[in-house]
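Novice: So the chains spell out like this:
Protein chains: 4
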Amino acid sequence: MHDVQSSPDTRGIDIQRVGLKDVRLPFLIRTMDGDYQQVLGKVTVAAELPKEYRGTHMSRFMEVLLAWSRKPIAGTELRLILREIVEKLAAPAAEISLSFRYFLAKTAPVTKSLSYLDYLVETSGRLDDGRFDYLLGVEIPVLTLCPCSKEIAACGAHNQRAAIRARVRFRPGCFLWIEELVALLERQGSAPIYPLLKREDEKFITEEAYRRPKFVEDVVRDAVLALRAEPRIRWFAVECESYESIHNHNAFAAHEESHASPGPVKNCP
Amino acid sequence: MHDVQSSPDTRGIDIQRVGLKDVRLPFLIRTMDGDYQQVLGKVTVAAELPKEYRGTHMSRFMEVLLAWSRKPIAGTELRLILREIVEKLAAPAAEISLSFRYFLAKTAPVTKSLSYLDYLVETSGRLDDGRFDYLLGVEIPVLTLCPCSKEIAACGAHNQRAAIRARVRFRPGCFLWIEELVALLERQGSAPIYPLLKREDEKFITEEAYRRPKFVEDVVRDAVLALRAEPRIRWFAVECESYESIHNHNAFAAHEESHASPGPVKNCP
Amino acid sequence: MHDVQSSPDTRGIDIQRVGLKDVRLPFLIRTMDGDYQQVLGKVTVAAELPKEYRGTHMSRFMEVLLAWSRKPIAGTELRLILREIVEKLAAPAAEISLSFRYFLAKTAPVTKSLSYLDYLVETSGRLDDGRFDYLLGVEIPVLTLCPCSKEIAACGAHNQRAAIRARVRFRPGCFLWIEELVALLERQGSAPIYPLLKREDEKFITEEAYRRPKFVEDVVRDAVLALRAEPRIRWFAVECESYESIHNHNAFAAHEESHASPGPVKNCP
Amino acid sequence: MHDVQSSPDTRGIDIQRVGLKDVRLPFLIRTMDGDYQQVLGKVTVAAELPKEYRGTHMSRFMEVLLAWSRKPIAGTELRLILREIVEKLAAPAAEISLSFRYFLAKTAPVTKSLSYLDYLVETSGRLDDGRFDYLLGVEIPVLTLCPCSKEIAACGAHNQRAAIRARVRFRPGCFLWIEELVALLERQGSAPIYPLLKREDEKFITEEAYRRPKFVEDVVRDAVLALRAEPRIRWFAVECESYESIHNHNAFAAHEESHASPGPVKNCP
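Chains as they are written, first to last, in the working numbering: chain A, 1192 to 1460; chain B, 1192 to 1460; chain C, 1192 to 1460; chain D, 1192 to 1460.
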């Protein structure tokens, strides 16, 4: 049967990315406590296509993904997936993005009621001529309370659901668990949020948010300071988007930067 | 050229709805002040298909919609659109739903700054054997402030963006403008929202919301009372969904009911 | 601490539905082979609120859901969840909808390559004064090839991704597994689809679709015949929506009906 | 009344972007024929916030946008909007993105039936220290027919809806109208699509697509050649995503490149 994809191409164009989008598969994500969590993954995967070939073999991406669907993975395994793709497709470079909802246990502040909150996570990697670039991204729902509204109003202050989003690159040999990155950023809003709160907890969260009013600008600046203080991170992009309760549009602040190595890092080889 | 759609069908099934979804076209919506507003419409349109025919002629729906895309419309015109469809397709019954974002001028409470807020509107109709059933639906963004949080906290109270959604049927010969239905419901939240607020306005809204704490249950009950008091309405379904700022799920309350005619209605023939 | 929700209400309105939307939690769904599958669930849950009370206790819904998040469930368990809610909230009636992506193994038609396709599933139930109403809904991606295009074109025929959606109610004591309902409907398109196809399989599917051209009307009528022939089903609503490749809108057909009992049903008590 | 936003900040962080997301307003877009088209715009707008200030004045973005909502705009006006923002907020830099559905008349290939197809358009700009960077982006729905499927199948070939997306930067003093960029790219699929087709047109499109089978790789390479041949463009990113009818995931190819000036360009100053 004729292999149309492998027929020669005369247009002379190396295409930078050819692959699949919106592949949904279950994946097993390694957790900080040494176990793993099954998630519903959404994958974009692509490889560079040399100018000699008319098309890539799309089904090979799927074969690689299916095999990895049932093995625990983290950043290291993303590199292995990309190595397989590069080999199977004889491609100079390949990329993958895997996004999913990841659940973490949350303990209510007063009653200690246990529930599970889902965070959007995106792990992505690129393997180019043997060099691996890896990014970890998280989205964390928080509450923000407006400092201006608190200051000028006789009572109360408008507050709302907001999202802190961050993507980070690690120093060589280092990494943070999703759990660690979430913990670093979750405290930067006016208050964290929880799926299950009893009255005593609701009182606590309401008062905590009122004590810690924050603009999106404050959330981002505090997050920048926290990310700079983490020596395992060498680049980050961070954003806070606030679903303003007094408007039907959103306010946001966003910032990215690299930070130079502070010297040897504890716990990184 | 063979008309496959008109070929006979032996399965003996009258299909209740055959048509188009996700048709996007500009439409001109009649406004309360006698003018019209151009909107980006999204249309679902369908007709009953008698068992004798294998298929409907989908392009005829499009021809009807295209012709109506540039003429001012309201509920009355929806009936005319359906009459054309029923005739063009020799169908016993037809339905249409047209949804769009509709802008209304909003004046900030203190500085009187002018801005424009968009409301989701859905108008839908069914023409069945000459009988026309019409529904008007709106979605109104408001602010809700939690009565429980206010009561138990030493200071502040969690609040958030919420949506009031209502669909209504009118008494024969009566109708409400979108503007009227929005005005009736917008005041049922803890406070209305605005695209443009200066500091004096923000103070006013913050304090108003704090003075009028409402659960989703309160919003729905107050909306029910307001809808019952409007004699031009003979059926309604109303919902309030609150994007809780202390959780990442939503709270909602929903209710529907018919109400019997209160006798002759002023302003309706 | 004051229980604001339990304070008396004077508006005299029983609210039909009060509860939570967009709750995301993992759930374990019973599979036809006696095992279970972990899914990412999205839940809407609500209860009737008697007119005596100002508000419901939203956290109790969450407590019930959290407890059921790790126990294998199917229709029977939905009834138990609702019974708990009715008791915990002293509510006359309660409703739940649980939707998720459910994976089934797919074997490519020629090479027998194994992959996993996800289907959108929605299970929902209502418990009202002890009476339980249960619905199972599925959405199945298929391929449809246009009979008109095939007939009139010298070569080829336009085809596209389509979705078959069905919701069913069972006769008392009967039920179908998700696997059975999918199998019943998946064959009603021009061809089924697969995440992994090799060239031999692609040839097979292309030719199968060309041999079996179907309008959305054909898909729905064939699905109606199949659903009528299944004695365990007493009511169904079925729809086919085709993402037309020659347009940027969709074509659809939809139909619902009850069918009277055909007498005792094999395999139902 | 205290201006909390203007209070000094000690964290020493210039934030790169602070502003609004998801602002919806009507806008008037200049058309190639000298007129304008009213669209429903969605705006993201932001400015750099110097480290001296705690917060930006969000309402000023809104005031600028409201004033521009009713004046015809194209790329040149985006620069004026940004200049106003930079001045009103005393910001070193500002950015805007305005996206909307833009309708173009489509004439069916045989019957010449007239209809209107909507294209997603995103215009965006950045003004930084007086330097203006402008991008025009479009998304064009087309039909792609698989060359492999055509080659190996005895009859027919799978085909589907696909999207061609491109973003371009112009050479100084040059620009393309949305209409020109759409025309350049729309012909790169297997066939264009139309909202309204009669049987004769459907035959034509079906056969045209069968004559011009294209992988996503082919669409992208042909688009690259067309974009390179347009001297007014100095940078582009182009992508084709195909909603595969035999799978429930998508295939895509993407490529970006700058191209050096080919010397003086006709029609550009």
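For the record, the hints were derived by calculation from the structure and aren't laboratory data. Small disclaimer: the values here were computed from a predicted structure and weren't measured. Where hints are given, some of them may not hold.
Identical copies go unnamed one by one, so any copy, or any two together, can satisfy a pair.
DSS-like mimics (lysine-lysine), calculated; alpha carbons at most 25 Å apart, straight line [as the list claims (entries may be wrong)]:
{"hint": "1", "residue 1": "Lys1242", "residue 2": "Lys1212"}
{"hint": "2", "residue 1": "Lys1297", "residue 2": "Lys1279"}
{"hint": "3", "residue 1": "Lys1394", "residue 2": "Lys1212"}
{"hint": "4", "residue 1": "Lys1212", "residue 2": "Lys1233"}
Novice: Now tell me if each hint is right for this structure.
Specialist: Quick rundown of the hints versus the structure:
1. Lys1242 <-> Lys1212: within (22 Å within a copy, 40 Å between copies)
2. Lys1297 <-> Lys1279: between (42 Å within a copy, 23 Å between copies)
3. Lys1394 <-> Lys1212: between (44 Å within a copy, 23 Å between copies)
4. Lys1212 <-> Lys1233: both (8 Å within a copy, 23 Å between copies)
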